[in-house]
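Protein chains: 2
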Amino acid sequence: MEQHRVPPDTPIDLGQWDPNDTGGSQGGKAEARERLSQLNKELERLQELLYAEHKHKILVVLQAMDTGGKDSTIRHVFEGVNPQGVRVANFKVPTPKELDHDYLWRVHKEVPGKGEIVIFNRSHYEDVLVVRVRNLVPPKVWGKRYDHINEFEKMLAEEGATILKFFLYISLDEQKKRLQKRLDDPCKRWKFNAADLKERALWPEYMRAYEDALSKTSTEWAPWYIVPANHKWYRNLVVANIIVETLQRLDMRYPEEAENLDNIVIA
Amino acid sequence: MEQHRVPPDTPIDLGQWDPNDTGGSQGGKAEARERLSQLNKELERLQELLYAEHKHKILVVLQAMDTGGKDSTIRHVFEGVNPQGVRVANFKVPTPKELDHDYLWRVHKEVPGKGEIVIFNRSHYEDVLVVRVRNLVPPKVWGKRYDHINEFEKMLAEEGATILKFFLYISLDEQKKRLQKRLDDPCKRWKFNAADLKERALWPEYMRAYEDALSKTSTEWAPWYIVPANHKWYRNLVVANIIVETLQRLDMRYPEEAENLDNIVIA
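Sequences listed follow chains A and B, in order.
Position 21, counted from 1, in the first sequence is what numbering that gives the first Met the number 0 calls 20; the numbers after and before it change by one each time, with no gaps.
Position 184, counted from 1, in the second sequence is what numbering that gives the first Met the number 0 calls 183; the numbers after and before it change by one each time, with no gaps.
Derived by calculation from the structure, the hints in this document are not laboratory data.
Any copy will do: because identical chains look the same in the list, a pair fits if it lies in one copy or spans two.
Derived SDA-like pairs (lysine to any residue); straight-line CA-CA distance at most 20 Å:
1) Lys108 with Glu97
2) Lys231 with Arg34
3) Lys231 with Glu1
4) Lys40 with His75
5) Lys108 with Ala88
6) Lys54 with Pro93
7) Lys96 with Glu109
8) Lys28 with Asn39
9) Lys153 with Arg105
10) Lys54 with Arg252
11) Lys108 with Pro95
12) Lys231 with Gln2
13) Lys113 with Val136
14) Lys197 with Arg181
15) Lys153 with Trp141
16) Lys113 with Leu98
Start from the sequences, fold in the hints, and give me the full structure.
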């Protein structure tokens with residue numbers, strides 16, 4: 000899975016990354032479904048352990064263009080985990096009160112505590128993406144945010160957080176298909192938002208903003224993964240795999256049991 | 000007032016600072032009371048303007064040893080301001096939920112929004128003071144926090160906050176007098192806490208921890224002031240003066256009025 004990781008201080012040209020990539024997998028969807036099911040079970044086991052140990056904090060950041068598959072990834076990767084220890088934080092258009100504060104204010108509130116997994120569905124990265132593309136603040140303001148973000152995430156990591164960041168990368172063509180599907184399918188029409196077309200028209204500007212974010216904020220302590228996301232089954236596999244492998248490497252243990260439990264008699 | 004400011008990257012030896020200092024003032028208490036009263040009025044005016052302009056954010060950090068006068072400074076300096084735009088955030092012993100998160104988590108929640116003044120009564124600095132002296136986390140953990148704090152405060156400043164940090168500096172002898180007074184005065188006994196004596200016994204360790212914090216975290220964007228605090232009237236004057244002068248330098252303006260207000264007739 001390491002081929003999807005962005006090394007620190009590496010300029011990224013998304014034109015060199017293939018959103019259709021399936022990692023040379025030949026098995027196709029059926030095999031992928033089987034493999035994902037195994038990963039779901041392993042994640043369920045690891046999350047329970049994480050919760051019991053009450054030591055590590057896991058932050059998963061999901062970013063993508065519209066229709067990129069953030070919601071669907073959350074549903075498929077975290078299927079089966081105990082909601083008691085897993086939380087999704089959605090960052091939508093900021094409220095007036097949020098805009099009165101620094102952009103990390105609403106984000107910091109939602110970071111995971113010990114034993115917790117938190118998934119950011121969008122994140123502080125919007126403050127160097129849509130905010131930049133839409134000129135919501137001047138360049139001298141957003142230009143300083145890459146450093147802020149790196150230092151913020153470093154602090155979180157040094158205080159015990161494990162951070163994984165995924166950019167679900169679809170192509171402009173794939174987005175067209177998915178938007179069209181939303182229009183055609185009566186059950187998906189509720190998801191269609193005409194404003195998405197305005198964002199779509201800014202695709203090249205968004206890709207430049209993503210390239211900058213990926214180049215400047217993939218660090219040892221909070222790496223970015225560029226996930227080929229035109230094929231949903233491969234996207235899910237990549238994200239699930241990286242999360243599971245990362246949790247496995249934490250070498251977690253159940254807390255030591257109290258002494259003399261064997262001698263206890265429950266009357 | 001600049002003689003009380005700690006320049007950036009300057010090693011601090013508190014033995015060289017005099018907690019009895021009154022800035023050569025001869026007038027004494029009566030004159031000081033008159034001057035403080037003027038400063039109170041000016042602060043009241045400036046705070047209203049700050050609130051109306053809704054642009055700047057003011058963060059005032061107060062740190063001191065027990066009996067150092069944090070509560071009393073707040074009462075005397077902020078007398079008369081509108082509570083609508085001024086808030087005090089107290090940081091006491093962290094709750095279990097707070098301890099599950101990084102130490103800046105509970106602090107970031109409380110930072111000021113636009114138009115607001117927030118006073119931190121104790122702060123994130125406790126995480127390199129009591130936490131260090133009491134060995135609540137290992138040195139390799141608290142040792143990284145000076146950088147975190149500088150970067151955190153830098154982000155706040157670059158996102159529009161003005162930060163002022165005051166160490167109310169009393170002597171060991173003065174603390175003895177004040178603790179004794181709490182024991183002797185029936186109206187002050189409620190403030191006496193036997194645990195304070197344990198902290199008092201660690202005075203030299205606390206002074207070393209304060210020296211490190213003052214040396215490492217006084218920055219252009221978030222300066223520390225060492226306030227001689229054996230004389231309460233001088234302490235209040237120094238703090239009030241620095242806050243008022245800082246607000247004056249912000250060059251605040253009332254928002255522009257809507258057009259044609261002169262032509263409006265209210266029926």
